[in-house]
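The listed protein sequences derive, respectively, from chains A, B, C and D.
Quick note on the numbering used here: the first sequence kicks off at 1 and runs consecutively.
Quick note on the numbering used here: the second sequence kicks off at 1 and runs consecutively.
Quick note on the numbering used here: the third sequence kicks off at 1 and runs consecutively.
Quick note on the numbering used here: the fourth sequence kicks off at 1 and runs consecutively.
Heads up, the list lumps identical chains together, so a pair's fine if it works in one copy or across two of them.
Okay, derived cross-link-like pairs now, DSSO-like style, lysine-lysine, Cα gap no bigger than 27 Å in a straight line:
{"id": "1", "residue 1": "LYS62", "residue 2": "LYS26"}
{"id": "2", "residue 1": "LYS54", "residue 2": "LYS83"}
{"id": "3", "residue 1": "LYS62", "residue 2": "LYS23"}
{"id": "4", "residue 1": "LYS90", "residue 2": "LYS62"}
{"id": "5", "residue 1": "LYS54", "residue 2": "LYS90"}
{"id": "6", "residue 1": "LYS90", "residue 2": "LYS26"}
{"id": "7", "residue 1": "LYS83", "residue 2": "LYS26"}
{"id": "8", "residue 1": "LYS83", "residue 2": "LYS62"}
{"id": "9", "residue 1": "LYS83", "residue 2": "LYS23"}
{"id": "10", "residue 1": "LYS23", "residue 2": "LYS54"}
{"id": "11", "residue 1": "LYS26", "residue 2": "LYS54"}
These are calculated hints, taken from the structure and not from any lab test.
Number of protein chains: 4
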Amino acid sequence: MRVIADLCIVPMGVGPSVSPYVKEIKAIIDASPLNAEMHANGTNIEGELADICKLIEECEAKLTSLGVPRLFYTMVFGSRRDKEQTMADKLAAVS
Amino acid sequence: MRVIADLCIVPMGVGPSVSPYVKEIKAIIDASPLNAEMHANGTNIEGELADICKLIEECEAKLTSLGVPRLFYTMVFGSRRDKEQTMADKLAAVS
Amino acid sequence: MRVIADLCIVPMGVGPSVSPYVKEIKAIIDASPLNAEMHANGTNIEGELADICKLIEECEAKLTSLGVPRLFYTMVFGSRRDKEQTMADKLAAVS
Amino acid sequence: MRVIADLCIVPMGVGPSVSPYVKEIKAIIDASPLNAEMHANGTNIEGELADICKLIEECEAKLTSLGVPRLFYTMVFGSRRDKEQTMADKLAAVS
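Make a model of the complete structure from these sequences and hints.
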């Protein structure tokens with residue numbers, strides 16, 4: 001199941017500044033073969049839902065190993081069957 | 001990776017009334033072994049993230065077979081390592 | 001603009017257990033005239049979007065006064081023009 | 001209440017291709033004084049929550065006038081009191 005997702009990971013219980021953790025997440029996403037683009041509120045990722053779930057589990061394992069006791073995630077995603085569409089296609093269609 | 005999730009599935013391109021599709025989603029979730037509770041804006045589900053992803057793929061396959069051309073999903077979820085917590089625990093803690 | 005919303009408020013920077021803060025949020029929502037129902041991952045609220053925004057500002061002010069340095073919110077909401085619909089109507093349509 | 005938000009508007013009941021409606025939303029956001037950046041899954045906006053709510057109402061009014069019978073919205077947003085932070089600051093902190 002191919003999707004275009006907007007993923008946001010929120011470390012809880014570690015103080016208000018979470019950029020060290022977001023850098024770790026960014027490194028994991030950058031190292032994955034999935035096409036991804038970070039923006040100010042999350043990261044857009046395109047790929048198989050199962051692969052994105054595995055990526056989330058990697059992020060969870062890494063942040064847990066760094067002592068983050070609780071994590072909150074938001075993921076908004078879409079799929080379509082009427083045509084193939086990439087993240088670039090979506091932006092091109094409205095500009 | 002055990003999570004408590006709030007899942008919402010939005011069928012696009014099929015008219016404004018989507019309750020026939022939500023009934024199909026409900027039947028799939030009810031038939032799964034995952035603990036789940038529907039509410040007015042989605043369904044709370046607790047279980048392994050990978051199992052919830054499989055459930056989403058089942059819903060996608062069913063709705064696609066019924067002719068839904070595009071689907072939009074929101075999933076908000078949380079995990080914690082400092083203690084085990086169920087959906088019932090979460091509600092009990094604040095009431 | 002009348003909506004049915006699913007609101008979740010996540011206190012950041014205050015430790016992994018946030019139930020004392022969620023209780024404060026619940027008290028503010030209970031005291032408001034808006035129709036609302038808490039569930040395991042948030043609270044469903046129906047009313048004017050502007051009124052829900054005011055409620056969010058009240059929650060933000062209260063939690064800030066209690067020392068929460070950072071807050072993360074998710075709000076998923078819907079409106080429809082083809083017919084009037086309450087939260088109870090939504091649930092009844094699929095059961 | 002100043003926030004950095006990620007807003008996504010999903011037109012329902014109008015067919016699977018919604019780019020004509022997203023273009024209308026983009027025009028309204030571009031014409032507003034709020035700082036905003038569109039990405040593949042939504043638009044990041046920084047400003048007062050009340051101003052963002054007014055922007056949403058403008059989008060709702062426009063899309064309704066174009067015949068969209070039902071709209072679904074997701075808005076993820078954050079505020080912080082420990083320091084001022086812009087969208088550009090957020091990205092700079094993790095790159």
